[in-house]
Each structure stands twice: as structure tokens, then as C-alpha cells.
Amino acid sequence: MMTRNSTRILTAFGAALLAGTSLATAADVTPQRLANPEPHNWLMNHRTYDGQRFSPLDRINKGNAKNLKLAYAVPLGGSAGNEFIQATPLADDGFLYITDSWGVLYKIDATSGDVGRIVWRMDPKQQKQQRNRGAALWGNLVITTADGPPRIIATNKETGQVVWESSFADTPDAPITSAPLAVKDKIILGAAGGDQGVRDWMAGLDAATGRRLWQKFTIPAPGEPGSETWKGNNNAWQTGGGAIWVTGTYDPETNQTFWGTGNPVPMYDPTYRPGDNLYTNSAISYNPDTGAMNWFFQYTPGDMWDFDEVATHILIDGSVDGQSRKLITHSARNGFLYTMERANGVMVGAKPYMNNINWTKGIDQKTGKPLDYDPTKDIQTYSTLANQNPREPTKKVCPGHAGGNNYWPSSYSPRTKLVYIPALSNCEDITIDTNKHSKDMGWNGGSFKITERYTSDLTAMDPVTGEVKKSVRLNYPNYSGTLVTGGGLAFIALMDGTVAAYDDTTLEQLWKINVGSGFTAPPMTFEVGGKQFVAVASGPSAAGKSRLVNTPELKDQRHATVLYVFGL
Amino acid sequence: MTRERNRSIRAALLSGVVMAAWPTLAAEVTPQRLLNPEPQNWLMNHRTYDGQRFSPLERINKANVKGLKLAYAVPIGGGAGDEYNESTPLVEDGFLYVVDSWGVLYKIDGRSGDTGRIVWRMDPKQERQATNRGATFWGNFVISTASYPARIIATDKETGKVVWETNVVNGQNGVRMTSAPLPIKDKLIVGASGGDGGVRDWVAALDGATGRQLWLKYTIPAPGEPGSETWKDNNNAWRTGGGAVWVTGTYDPATNQTFWGTGNPVPMMDPYARPGDNLYTNSVISYEPESGKMNWFFQYTPNDGWDYDEVGTHILIDQTVAGQPRKLITHSARNGFTYTMEQANGQIVVAKPYMDGINWTKGIDQKTGKPLDYDPNRDVQVYSGVANPTKDAPVKRLCPNRTGGNNFWPTSYSQKTKLMYIPAMTACEDVTNDRELAKSRKVEGWFERSGGGYKAPERYESNLTAVDPVTGEVKKNLRLRYPNYSGTLVTGGGLVFIALMDGTVSAHDDTTLDELWKINVGSGFAAPPMTFEVNGKQYVAIVSGPSGAAKSKLMNTPELRDQRHSTVLYVFAL
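Protein sequences appear in the order of chains A and B.
In this text, residue positions in the first sequence follow our numbering: the first is 1, and each later residue adds one.
In this text, residue positions in the second sequence follow our numbering: the first is 1, and each later residue adds one.
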């Protein structure tokens, strides 16, 4: 019977293709809808092209958040041990789309408001689990990533049948872990896996067919612009990293798409790769149609602490010196929040969002470069307190190698005009190892040691002035991110299983619940049937779990991959 | 401190003044506490020795249950795929104890009311998952079972350290220990399962202080023993005859009897392979806990060919019959009938169907409790003639299906309403005793079972049925869209709690059975709900994560085709 149904649907689909249409139904996710998403929906990874992760929904608000409760839960995965989720669910008119660590895409019917029924699952048959940060919607397709080999897959939103699959088997060691970004008729995406000694890249696909239209490496080959910043004789550029593992943002007005790049590899050993190592740890503005680079800005040249800057580059309209300006802001892994001109990356300001940063004395407010950055040095020393070098092999670095902020997203509220930054708060000891740059030894160039308990801060910051307006210390790491809403609430989720809502001005905790499992996926919100819901999937990655080594009360904590949906 | 306490228990026991000199540390679970558990606690698998699974707690009640919501959740397991949970959590003064399918015992601090922190885990290092229905308290130990190999383990309640471990394989590697042990005075009574794998099962007693095995009684008699005349084959079928004991028994302190239900004969689908009544399968057995001596037994479905094992709880109730106070024992049987008997001797009081459509027998003799169409002169029973596969008609429709009716998912009994709340499956199945047929027709939906197989032509649903155990009258019945593999809990607040395979947990009025509250957590359930109180607040707790058998009951439920499951302890409160 099931088979018969599928056949019928496939026939219908085939007929539609023949008719030259793309099954145009009301629910198609058009470029117009992506540019102006309905308030009740969450149509792309960061909800909007500006990456703000702000939802205007306000039925759940400061006045009633204390009444939030579990509406329903939907287990994901379940067929293997140590599964985890990093995906932001998408919501389109009451249907949720989420991926698990097997690359399995779920369509969940949430229209009833009290149960989430899985409508279909698309299983790309990965042999191993892989990070997967979610899907994109385009037309009547759901676009996801899968691994083994790296692939982009388009699935029919109604039937769950695969429409096209685009393979990146030519770079088999570069998994694609971030959700793709749908821009007009293209799908923009980037490759990760840099820490395994990979040369990463960006690409644009034809959304209708999956055909690869352009591909640009984030590490230049010899002779290309930027190649002069890879100075050794090791051909380090071939394994230089620069991974892309968080979805970028897009400005339709100027047709720029902005993506953050990862650290240079080997990550803790700058001696293997003298120079600034472009375009690692950078924000890059691409033309989505061609992949041409408009401009770039590098945060930590010659990095030796794994300070990759993949996290969102949020587009905001701000007022600088009385002038309204189009800005781009980024809470960097290295502890600073940088705000730039969207048109060209010119620095507006760069201020610390956390205390105790020790790797540099500060940031030059004009250039955005560390004050102690020396362009004539092949290997930077910065403040000299934390620089990795064989003569002083172990150094304490603050923030630790994972940040600060990281891939767990900051959000920006147009209500308060503040950025809500989830940041780890502790330092780490990092030890250089100049032998670790091979397949056998690994590509870390050293190791880190945890000397402190990992805790986190929720910090509200004015991105134009760089002023920290408010910060609250939390007893557990936030590997999940923040969501901020029109109801004046900032939502977070912590590694101890807490999901909580905060007042977006006072950062007072207004509501919380504990579901036991840690989180490494971001919270989101949607509305259906006139009711607002907040959704977040539990199940931490191994990296997330490892942040609990100095948290004795969670020594025996277990985890589960469950989509939790809360409502009033 | 802990070692001191252990020593003092052991010394007390050895000195033979068990009851009088029992150590009186507040947190120790003494025989007195087990006899009269504090209302806020749940100290043994069925909460009380009478197996009622009734909690007197009433802060959550008919008037306010609509405000029930998730208080917190605690993931259990997580290290492997397809984990499941059948364990009833125990609660003592705000600490919960639950076991997972790896035999791992968890102590969870539920005192804060908004978070369940795992205090310790005791991992018995099973190589494979096995069904595990929970733990029990004894003194300052938590007693749990483990399989691969079959073991009983005593863990110090405070430290999580193993105090003793007893291997109970007793020469049969197929033995699994799946039911929670029952502590009675200085002993632990345990039952062996794994019957369907061709094991001769047993009930045994261990010394609570040391774990030493004190007695062991097989549920299948050896040749020459009483009952052996009911195994008439020439195949030594008794050696692999089953009679598994996989749900915790009950205990009547007044008469010092402990009651245990036994499983089906093996091979399960083929009575021709083991002519005779196959004692003591599908029976209730009253044992004397000190010696293991059988006081009496009653067999429900002699020479069963439908997997109608009767391990489900035998609930002890005090009630008036015809003006006389009587001590009764009642059982909602897998075969579709409620049987109520005299506790003292198993004399039938009443045996009435709790569901419609039963076809394997025309009914039960109200005097003997035997099926009306039972013929003691037959080696292989025919019963109604409708459901028994034969050589000429190897496929028959069977109602209720193999799994019941009611099964291991517990019925509860309310002292408020004097009714029992039976969770029962509703679908019929096709069964065969033709092994080749079951094999060859697999493509047509046949599933093999020992001695034959089955096929599921219908959607499995369930009933929540309120039955008066004295009259056998069905007072109220509610049809539910999904199987209840979890059981029922009934409370002083007038609420019946259930959980279904679609992830629904719900509360029902104990009189009207109206649904007063529900939530859906997505994952199916195969573990029973329970309730406890700490710091003046009542909670309802249940662990999600269905077994493979439970999941297979969704094969005709297309809307749950893609359902996923997770093993999470959910705790609800106002």
C-alpha cells in the first residue's frame, strides 16, 4: 500500500516535471518569501538573510513566559549510540524540518500543536555520523547536506523523495556540515573538515538541478592573491583548513553573501605555516552569482589557538555618529565583537565582549587588527602571554580554544538593538607540538588541556558602540546559542539540560526547564494555529560533552536526541 | 560508615533476631517500611506487596490534573542504538532508582523538583541489552538484576558501589533475569525468564545480606515430580519447557504466601510438541518464601498453544463478598479473562472476560476456573475449536492475540473505587503451528515464533477497562488508538495514568475514564508509570523507550511509520 502511494506520487511528480513546472503550490519557498519571511515561519538556518536569529513573534513575552511548558517532544535518531544534533529546525506553516547526525532529514507535522508526527524521513545512508547543522528550503525542495561522500541533497518537501543529489566526492575529506543558503536560483554552501588537513572551499549550485556552478577555495594556491601569506616550504596551503561550517548571511541590496572561515591547520602550530594564512579566520564577502570575492577581513592572522571565525556575520542597520549605516557585526571566537561597514569591511569598532582576554592587548579600532599584530613578522607573538612557540611549549590562553563565542549563534534584536552573545568564559592551557601535521599524527599541531570548569556568559552588547550592556554568568556551557524575539525574550539552552528564557533588557531569568540532556543545537520559534512555540533539539556532540570534564555534578549525565517544543 | 552499617545488618541477621534488631537508620528500607510504605515513596516494583500499584497521593487530582506539565526529564542510556526501558522507577525520599536495558542502575536526585541529577550509575557490564523491569530496596542496598550472565546485584544505596553479586545461571546460559526482585524479610525472591529461548525456568530465594542462593524451585517439574505427568511427550520437552517468571510477584504477610505468575510452555505455538497440561506453565503459584514450598497453584490455560503466559501481577485485595470479608487474589489474564480467587487456596470466586471477541474458548467454568471446553482426557486441547491450528487447518484467527489482552504491562487496583484498571490490547492475530508455513510465508507478513508463527492482520489498539474484580463486571471501557505497553497507575487523587505507544501519557478519571490530561513525548512506552511526592509536591514519573516487541505492534499503524524513540525519564507535576 505504501509502495502504491509512492508510485502515485512519483507519477504525479514526473508529470509535473514534464509540464515544465516545479510543482508550483502555495507552499513553495520562493526567493520573495526567503527575503521577507512570514513572521510565523523560520525558512532558513538563521531565519532571515541578515542572520539575526530574531523572530518578531510576541505571543510568548515577558509577561507570560513563566507559563511556558512542554507542548510535545519528538525523538530523533535512536538507532545508534552517541547520536547528537546541531541543527536548527526550519518551520514552514506548521511543518518542521530537521536533520540528525546521520544526515537523516525529518519532516514533522506540528500543525496540531500537541503532537509532532514524523511525516517522512529521507535517509542519505551515511555510514558514519557527521555534524549536520540543518537544512534550507528552496521552491518545493528541502536542501540538506550529507557525508560519505560529501553531498548536497534536494528532497521533495511533500513526498520526501530525493529529487537530485550533488556529490563532492572530489574532496572526500571535506564534510559539508553547515546548512546551505538559498540565494535566488542558487544554493550557496561551504566545506568543513579543515582540522583534518583539508583545503576548504565555497561553492554555488544550481538550485533546480544541483549542478555545480562555481567553487572557490578559501586557501589560495601558489600565485593566487593571498598565497604570499603562506610562507613556509611545507606546502601548508594544501592542508591549510579555512573551513566553512556555519551558514553565511546575504544582503540582497548589494548582492553580497558573507561567510566566516575557520582556522589555519595545523591549528596550534604556526611554525609550520609562517605568514598570516589568508583567508583563514576571516569574513569573506562573495558575489553569490560568480563566487567572486568582494572583500575580506581577517580577524586573527597567523592564528595558533583555533580561533576560527565561522560564526554568523550579522547584518544590521545601525546609526553611527548620527548617520544611518549598513553594518555587519560578528562576535568572534577570539573574544571581541567586531562591527564593520557592510560594503567594504571597514572597521567601525572592535571591543571585547568578555573579560580576561590575554592573547592580545586589544584591537586597533581603525584597522581591526590586534594592537600587537606585526605585519613584518612571519610568526605573530601578539601579547606574548599566549603565543605558541617551541621554547615555551605550554601557555594559558584566554578565551580557551573554543572561544568565547563559537558556532553557537549570537542573535540580534531590532527591538533593543543589542547582540546577545553566548560565550564560554574560561581559559585553557595549549601546548604546541611541531610534529602533529600528518595523517598519522593528526593535524592539531599540539593539544589543549582543561584547567578550569567551563561555564558561560550570556552577554548583551551594543554592536555599534561595543558597550557590554549586561552579562550574566551561567554555571554550564552554552553550546546552543541564543534566540531573541519580539516578545522581548532571549532563549538559551545549556549543557546541563536547561532551556531558559531571559528578559532581553535585564537578562533576568523569566523561565526555565531542565530536560537532562545537553544541547548543541540552537533554539528557534514559530507559530501555527495562532499559537507560538519555541523548539530546540537536545543531544550534544562529543565536543560539547567534553566541556563537562570539570563539572563533577554532571559526571553521570546521559543524553538523548529529542526535539523539545514548548508553548504556553 | 556504610561498611559499618552493612556489617550491622549482617550481624543482626546472623544473630537470628531479624525483626527485633533490625538496624533503625532512617534511610534504610526495613521489612516494616516495605509492609507500610510511606505515602510519598515507591519502595518496590508494584509499590506495595499487594501489587495494587495504587498510590494514596492526591495532591494531583481530578480537579487540577489539567494543569499537569513536564517538571524535568532525565535521559537514560544513550550509549547504543535501539535502547529501551521496562523499568518502574523506585522512589525513596526524593531519590529515584531506575534500571536500563544494559542493566545499568541509576540513582537520581529528584529532590529539587525541577532537575533530576544522576548521582551515580552502577554498570554491570552486560555485553548485550536485555529486558530489565527494575530494582528493589533491601536495607541500604538497591537490588537489581543483570543478564549476560544472569546475576543479582546488591549496590550500596549511598555510594553506588557493588556490595555483592550472585551469578544465578544455575547451569542454563539462556536464563535472563528480567523482573525486579521481591524483598521478603531477610530474603530476596527472584524469578528466571528466557523461557522462549528453551529454558526451564525457576523461582529462587537469595539471602538479602550476602546474596547466597537459599532455594531454587523449577516451574517445570522433572520426571517423577508432581506435575511431571502433564508432560506426556517423548522429547524431554520439560527440559526446555519455559514457564518463565518475568514479572515481580506479590506477598501476603498474614499468610506468608508469595504469588508468582508463570509463563507459557515452549515451543509456544505448538501444543502437539508437548501433549499434556504442561504444569506449571501459565499458572499462578503460591510459594512459602522461607522454603520455596508450593502452597497451591492454579493453571489458567492448560496445554497452551498461543503464548498465553500469565506472568502479569496477581493483585491481592481485601473485599466483601456476599457480606463476608474475604482475602482475594485477582489477575487480568493474558487470555482475556479476569480471574478472582481465594488467597488461601486459589479457589475460584469469579472468572469473567474483560474484553470482547475472545474466541479461543467458549468461556470459563465459574467453579473450576478451567475453560468450559477444557477436556482433561485430551493430550492436546482443542478448546472452542476455532483458534487451534491443526494439521488440516494450520492457520487460525486468535482473539485475543498472542500478547493478550493484558500482559506484563501492569493492571492496577484502586482502594477508592474498588475497581481494577486493565490495560489490554484489542487486535486478533492469525497463528499457525506449521513452522514451514511461518517461514515460507514471511513475505506475506508471517513472523516466526517457536513451534510456528503469527501474522498481524489488524491494527493493534488498546482498551482501558475498569472491572469490578469481585463480580467480574466491566464498569467502563475506553478504546484507545494505540497499544498500551506501559500499564496503569491509579491514585488517591482519583486518577488513572497510562502511556501509549504513540508517545501519549494521559490521566483519566477513575470513574468515568474521561481523559483529563495528556501530553505527547513522541517516543513509545513499555515501562509503567508511577508517582511520588517530595517536599510537599507530587510527581508522576515514567521512562520512555519501547522494546522491539512493543515497536512491532505498530506495524499496522501507518501514521507512526517513521516514529523514533528515546529512553528518557519524564517527570510531571503541577
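Keep in mind the hints are simulated off the structure, nothing from the lab.
All C-beta atoms, glycine included, are put in the ideal place defined by N, C-alpha and C.
Misleading hints may appear alongside valid ones.
Said to hold, decoys possible - To give a feel for the contact side, a few chain B residues facing chain A, derived at Cβ under 8 Å:
#, residue
1, V74
2, P75
3, G78
4, G81
5, D82
6, G116
7, Q213
8, L216
9, Y218
10, P221
11, K352
12, I519
13, S523
14, D562
15, S566
16, T567
### Message
Flag every earlier hint the structure violates by its number, smallest first.
### Response
Those not satisfied are hints 7, 8, 9, 10 and 11.
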